[in-house]
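**Q** Construct the entire structure; sequences and hints are all you get.
Under my numbering, the first residue of the sequence shown is numbered 96, with each subsequent residue one higher.
Derived from the structure by calculation, the hints contain no laboratory data.
Since the structure is predicted, the reported quantities are computational estimates derived from the model, not experimental observations.
Warning: the hint list may mix true and false statements.
[Claimed, not checked] Below, computed lysine-lysine pairings styled on DSS-like, alpha-carbon distance capped at 30 Å:
(1) K412 with K248
(2) K248 with K286
(3) K269 with K199
(4) K326 with K412
(5) K286 with K199
(6) K269 with K286
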Amino acid sequence: MNILAIETSCDETSASVVHEGRWVRSNVIASQTDLHARYGGVVPELASRQHITAIIPVVQEALEIAGMTRDDIDAIAVTEGPGLAGALLVGVNFAKTLAFAWRKPLVPVNHLEGHVYSNWLIPPGEAAGDPPALPALCLIVSGGHTELLLLQKHGVYEILGRTRDDAAGEAFDKGARLLGLSYPGGPSIQKAAEGARPLGDLPRAWLGDSYDFSFSGLKTALLRACEPYQKMKGPPRRQPANRPQAPRELFPEHKPPEYVPNMPVNQLAASYQEAIVDVLVQKTARAAADQHVASVMVAGGVAANALLRRRLAHNVKVPVHVPDLQFCTDNAAMIAAAAYQAVRRGAAAGLDMDVSPQLPLDSLPGVRVIDRTHAAR
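**A** Written out as structure tokens, the structure is:
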């Protein structure tokens, strides 16, 4: 089975062709990182506009690289949610158009389930390894999501823990802003921390015996650590109450804080990264032991963090699966992999399907979710 998948949930326009849910024939990504970096984060309206511009050439390139035409495609998959509403609409409407014109089944996919199945993907030209053994524990660290999922079998999940405030990805982005580093924050902090010795311990929120996460206190601690080095500024200029807003002020460019030259940015970045990774690893290792899983998976953009990968491999006693780096950030190949499992359980959508920015994991046919988090008790 060859699935053409489309992913536009945030700021990456991606299309991919995947065979039998594992073998990646093509995976094309048009990134908007440079566009949004000047604003210090994703601007939803700009993201939607860029998706409209990129979607047709991206899909065409994915088919060309795979060496396929519409006759070789068995189904069209697309991210239904969660994500930015305007961005999702571009991908869903384009996928619906293809499904109608090509007379192919339309398969809706939950973005987070896509991240889970990124661990099944085999890059072009590489030999197939064993897929993760089930039951498996999956640490999802993607954008605004940080969750520990227990995958009992395909389509059956238990949510063991999730963030109570900031997710790990958000913590990296906000920490990078505080340190005057560029967006996205994860790679910037990792680069700044390379070879640097942590400057003391920043606090960790363990939340007792819970598998939940919390990073807001850590962010505040970093803010307090930066304050002594920040240059003093005068009071902000007051603007007339009824002054019309200039067009360029609708999307104001991000201006990093100004610090004195001797601020230990690298050491603070190392301390901050150490604190985030420490919590992620310790909770994952404890959950893996408590649940007696056969394997552990990591998924999402933060899964690309080298320190996180090393620490998990060292601290977890069962095989640890991490996606190839190209499949950590948002991509359509992972959507195709999840769609393959959805097709096997009989999931399909009509042309009246709509986007769902807050799409829960159990909203799609054949998926069962048990919530065992603190909030569900």
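**Q** Now, for every hint given, state plainly whether the structure supports it.
**A** A quick look at each hint next to the structure:
Between K412 and K248 the alpha-carbon distance is near 21 Å, which keeps this suggested pair within the 30 Å criterion. With a CA separation close to 37 Å, the supplied pair K248 and K286 exceeds the 30 Å bound. A hinted pair counts as satisfied when its Cα atoms are at most 30 Å apart, and K269 with K199 does not qualify at roughly 42 Å. Of the supplied pair hints, the one linking K326 and K412 is violated, its CA atoms being roughly 47 Å apart against a limit of 30 Å.
Using a Cα cut-off of 30 Å, the hinted pair K286 and K199 is violated, with the two alpha carbons roughly 44 Å apart. A distance of roughly 16 Å separates the Cα atoms of K269 and K286; the hinted pair therefore holds under the 30 Å criterion.
Hints 2, 3, 4 and 5, counting from the list given before, are not met by this structure.
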